[in-house]
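Q: In case you want the letters, here they are:
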Amino acid sequence: MLALIILAPLAAALLIPLLRRLPAAVAGGGAAVSLLASLNLLASASNAIHPALVLSGLPDMPLRLVSTPITALLSAMVALVASFVLVYAVGYMKADPEKPRFFATMSFFIAAMQALVLAGDWVSLLAAWELIGLSSYLLIGFWYTRRTASMAAMRAFLYTRTADLGLYAAVFVLIAASGSSEIPATLNISGGPAVAVSLLLLVAAMGKSAQVPLQSWLMGAMAGPTPVSALLHSATLVAAGAILLIRAAPMLPPEGLLAIGLVGGVTTVVTGLTALGARDLKRLLAASTSSQYGLMLIAVGAGVPLAALLHLLAHAAIKSSLFLGAGVFQHGRDTTTLDGLRGAGREQPRIFAGFALAALALAGIPPLSGFFSKDAVIAAALASDHALLLGAFALGGTLLTGAYMARALRILWRGEHQVRHITGKAWMGTGLAALVSLALVLGLAFPAVESLVEGPLPKSTAAQIAGLVAALAGLGLGWFVGGKRLLGPLLDQARHGFVIAGGMETWVVRPSLAVARSCEQLEHALYQAVLAVAHPARLLARSHKQIEAYLYNGVVAFGRCNDAAGRATRRNDEQGIDGLIAALVRGTVALGTHIRRLQSGLIHRELVMSGAGMVLILVVVMTSLLAFA
Amino acid sequence: MSPDLMIALLTGAALFGIGIYGALSQTNLVMIMMGVELMLAGALVNLVAFWRFLHPDSYAGQMFVLIVMTVMALEMAVGFGVAIARFRAKGSVEMEEAQALKG
Amino acid sequence: MTLLSLQTLFIAFFGVAGVAFGVAVFRTASMMRSALALLFSQTALGAMFLAMQAEFLGVLQIMMMATEMSIMAIFMVMFMMDPGGLGEMEMTHQKRLSIFAGIAGALATAGIALFTEWGAVSATAPDAALQVRELGTELLGRSMLIFETAGVTILTAMIAATAVAMPALARKKPA
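Protein chains in written order, with the working numbering: chain R, 1 to 629; chain E, 1 to 103; chain V, 1 to 175.
What the hints contain is simulated information worked out from the structure, not anything from laboratory work.
Okay, derived cross-link-like pairs now, DMTMM-like style, lysine to aspartate or glutamate, Cα gap no bigger than 20 Å in a straight line:
no.	chain 1	residue 1	chain 2	residue 2
1	V	K95	R	E606
2	R	K484	R	D280
3	V	K95	E	E94
4	R	K425	R	D334
5	R	K425	R	D96
6	R	K484	R	D339
7	E	K102	R	E606
8	V	K95	E	E97
9	R	K459	R	D385
10	V	K95	E	E96
Please put together the full structure from these sequences, using the hints given.
A: So, in structure tokens, the structure goes:
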């Protein structure tokens, strides 16, 4: 069961590139299977059945997938949102030619997120953490041909990756301190290591959940397709930070909790102001996401992780529906800037109705789910040790939520409008409706969640009233006053994301680039040094080459001499010796010719020769006889 | 030295010389044979002179003379046979024309 | 001159005659006269043999040579294109060489004859009848082999001469 939740979308992710046909159907199938499995898991968890899966990993650190109430709930949330967003994505990506890549990467992300949520030990959590970061990079930069998209993807990746160092360090400390990698077992540490771990985990959460000062990547991530924004950057990936803190909550010491609460509070206010001054609908929603997660961190910092969990669940449904609605408006007007979307709401009344309902839910209007979750957060903040601080932050956040959502609604409603035709509206509308209804209904399920998770959940009427007042005030301010006038002098700062002392640009980017440049110069100097060393060697080689050329010429000349000697010998042989022999032959032939003349055939000549011969013989005989005598 | 012997020997020498001259200078076969006859006659004279004046008791000299005479006769017989054959073939016995064995 | 005996005189006379006639053989252009000159030369030589008391040999010489020279004369007439020598054709060749060879040969033999120490000269010769008897004994005794060889040689020569002199047989042409 546990394995199926992860394997179904993973199989879809692997299958789609192979098949390249019906990518949406395959992805949807994988998501549906995963959904059924996770709902089943939730059902068994509610019956106090907690299956677990153990796989052999590193020595002494096996990989675990566990089903606890928290993990089962989160898994179900991820599966639900993912399925409805995929339904929406069918309509949204109708005109896009790169559907296989999109659905494959989305399925991959779903599988990785489920693995993160169900992780039972730090190693698999770490692995899944990295994988969702990779998927985010791939999905933000989906339209990689656009420069803004690829730059935003790189930026997101770098920001979150840097923050992940905190998680690595925290995991090392946890495993070293506790001796085991199983998450529940490692939460028993205390003292110095606990503080260190809590701060490190906070750093990681700051990166993934886009908290101050690492919040700007989320707004840049809006360059991706809207389903990506709806799934990743509202409900799941950015939730990873909060999930981390929620699961590690039993271990967090008071100092850590204070830090978490402060960070969350500052984020809530700052990003809320940013959302108020935003000029782009999706960026507004992104800033809103950071703000809501700030509220969750406030809840954790107040010591009530259950409140954070509730808000997380509610926010997932709400924010994804808001994004889906924004996506429909985007398709209608081909832009997401608020100036371009004036009056877009009137063109799609039903979509706008869903959007408005989700917006109100986010603001915290009962009986919508957002009210219950916001109420829990504010109550927790007011009941905490640092009630004043955290409470002020929480209420401020609630006010700002109402303000910017009302602003958005007003801009969408008021303006020029005409009838526009949008392709795939049926699919988009279906997905949106599903999530909106979930957002509306979820509040009713909260009591069941509370009984399931079994955690302290402070309830106070004061908190409820305060929250409601803040929400209504915010809505009114936003609708009637508008963002610009509310912000006043802070408008510019808000527009630029409250850059402090140059921001990341000065503190991170410029030094890094300077270091890189000096490294380049160092490398250049080294290269010159190497060349200088090599220079005499090259000269030597050149002189050797010249020597070798001389030698070669010498050898060639020697060869020519030999050649000439050979030719002379041949000439000598042909003309000298052969000539000699030929002359010999000629002489012999001439001699024969001469002697031939003796053979005249004339008798008298023969007679003379006979006579001469006889005289000769006679002389020889006589002398020999006389010699002997 | 006995003058008889001398005279005989000189005669023989003279005949020999004349015979050589004749054998070498004549173009006709019969004349060449005449020269040979003269040479042989010269030899005969010498032989007889040697028998008579040096070894009259030994008859080997006379024997030799007989043989030489025989040879003269034979040579003349065969020579004339050849001459007849030549004459039949070529119509003359001039030695100038007998160049068939020219090499 | 006191040593000059009759024998010496006759020998000298016939010797000179022989040489003279021998010279005449080659000096005349007529073939008949050459043959006759040779005949007379040989006859003179035979007489010279007689003068040297070799009767048998002398007689033999005269008889044989007479016959032979006659036959030679007949052949001369048969084969010569100008037997009478009435034409003016030159019938000799390599004259200088032959003269030189002849004189060389004559001088060589004469030189040998004059400058050799012949030893003691016998004054007397046996009787003619005795000569013939001794010659016969020699012939059939010691020199039998020579005689027989000579006989075979004569036979061979006769056959050879006849065969050579026979006219060529008409050869049947291959059909």
